[in-house]
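Q: Next come the chains, spelled out residue by residue.
4 protein chains.
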Amino acid sequence: MTENAINKVLREFVNQRDWEKFHTAENLAKSITIEAAELLELFQWDNPTSLDEVRSELADVLTYCFLLAMKIEVQPEDLILEKLKQTAEKYPVDNSKGLSTKYDQL
Amino acid sequence: MTENAINKVLREFVNQRDWEKFHTAENLAKSITIEAAELLELFQWDNPTSLDEVRSELADVLTYCFLLAMKIEVQPEDLILEKLKQTAEKYPVDNSKGLSTKYDQL
Amino acid sequence: MTENAINKVLREFVNQRDWEKFHTAENLAKSITIEAAELLELFQWDNPTSLDEVRSELADVLTYCFLLAMKIEVQPEDLILEKLKQTAEKYPVDNSKGLSTKYDQL
Amino acid sequence: MTENAINKVLREFVNQRDWEKFHTAENLAKSITIEAAELLELFQWDNPTSLDEVRSELADVLTYCFLLAMKIEVQPEDLILEKLKQTAEKYPVDNSKGLSTKYDQL
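Chains as they are written, first to last, in this note's numbering: chain A, 36 to 141; chain B, 36 to 141; chain C, 36 to 141; chain D, 36 to 141.
Check the hints yourself; a few may be wrong.
Same chains, same label: a pair holds when it works inside one copy or across any pair of copies.
To be verified - Okay, derived cross-link-like pairs now, DSBU-like style, lysine-lysine, Cα gap no bigger than 35 Å in a straight line:
no.: 1; residue 1: Lys120; residue 2: Lys132
no.: 2; residue 1: Lys137; residue 2: Lys118
no.: 3; residue 1: Lys125; residue 2: Lys56
no.: 4; residue 1: Lys43; residue 2: Lys132
no.: 5; residue 1: Lys56; residue 2: Lys137
Everything labelled a hint here was simulated from the structure, so no lab data went into it.
Let the sequences and hints guide you as you build the complete structure.
A: Put into structure tokens, the structure is as follows:
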């Protein structure tokens, strides 16, 4: 499915329920954080986690991310690629290979 | 760009830096939450926020979400659509129209 | 220092800067989450973390928690003890000893 | 109740359940973040929120904060005061009065 296709499905889902009014950029940012923490909760105590639960919580984070991307009129993939270029400059392969050090401490 | 194409770019970026070893499911879940909170920070005090900052922070959340999706071998779009079907059942249009009430209180 | 004493110091700090207007319950909840994620960031990649950094980030979370407690006119310690009683009922020693299982699955 | 008294109650609660083993600094940082997001969830859609719910979720954040403070052997109030001094230097009254601007942009 293309990005435009999934955006269409999401937009329809939201419009049918008249939920656009709740989807301010701030409310979507809150929702992304809330769902991210529910994903994190699956790893709270180092218990084994079921794949189904990870799928379900990751889906929620992704859904709100896509809704925010639509709101600011950008394609998620374009955002990722644009940022990856900047990250590649901050973390040249030679300096960062095998390290989790932050760029400003490399 | 297709999902497979973006996955290929992400995989290459990570492999070149030998960063796969840091990308356990748990570390990615932590990273998604951390980046989500940086996105939220743009709305901390109801100040006006620049679109560029929103793009940049949303890009970070999306990148880690895509990396986790790759890790559990699922396409982000498939996850979103799969969950949307479940959400549609929890929130039938008739019951939920115009409301932000949680499904278990509808 | 007693709780009342620390509340007095916090209130003075905020009043001098005319920052009460930013401290709605919602803004404080956002701030607690943002600071919590900064604390979490110290453990993002399983790197060793310095105690000083943990102290500094935990201090931020605690400060916003105390400000929210003041806002809703309750003492932090009272909140903790009140909740602990409920948690003790959900997790009787006999059932929960040595387990991280959630109470609804015990 | 003094801080030492509440620490004693918390320690007893945890010891009785043999839960110390779960309370690594990292697990407590995750737990603080997870509970903070549950607090934030009360403000997700700008619905009115009940005071009881705020008390209950704030209690959870505070409890994990106090457990982490115990773990790193510091009193919560001392942490708050220590940090407040640093914050006061970053945000002199004259510069910051009535503003939510970050210190590095003042």
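Q: Work down the list of hints and note, for each, if the structure agrees.
A: Status of the hints after comparison with the structure:
1. For a Cα distance limit of 35 Å, the shortest separation of Lys120 from Lys132 inside one copy, 17 Å, qualifies, whereas the shortest one across copies, 39 Å, does not.
2. Taking identical chains as interchangeable, the C-alpha atoms of Lys137 and Lys118 lie at most 35 Å apart whether they share a chain (16 Å) or sit on different chains (24 Å).
3. For the identical chains of this complex, Lys125 and Lys56 are inter-copy neighbours only, at 20 Å across copies versus 38 Å inside a copy, given an alpha-carbon limit of 35 Å.
4. When the C-alpha separation of Lys43 and Lys132 is checked against a cutoff of 35 Å, the pair qualifies only between copies, where the shortest distance is 19 Å, while the shortest distance within a copy is 40 Å.
5. Taking the shortest alpha-carbon separations for Lys56 and Lys137, only the inter-copy value of 16 Å comes in at or below 35 Å, while the best intra-copy value is 39 Å.
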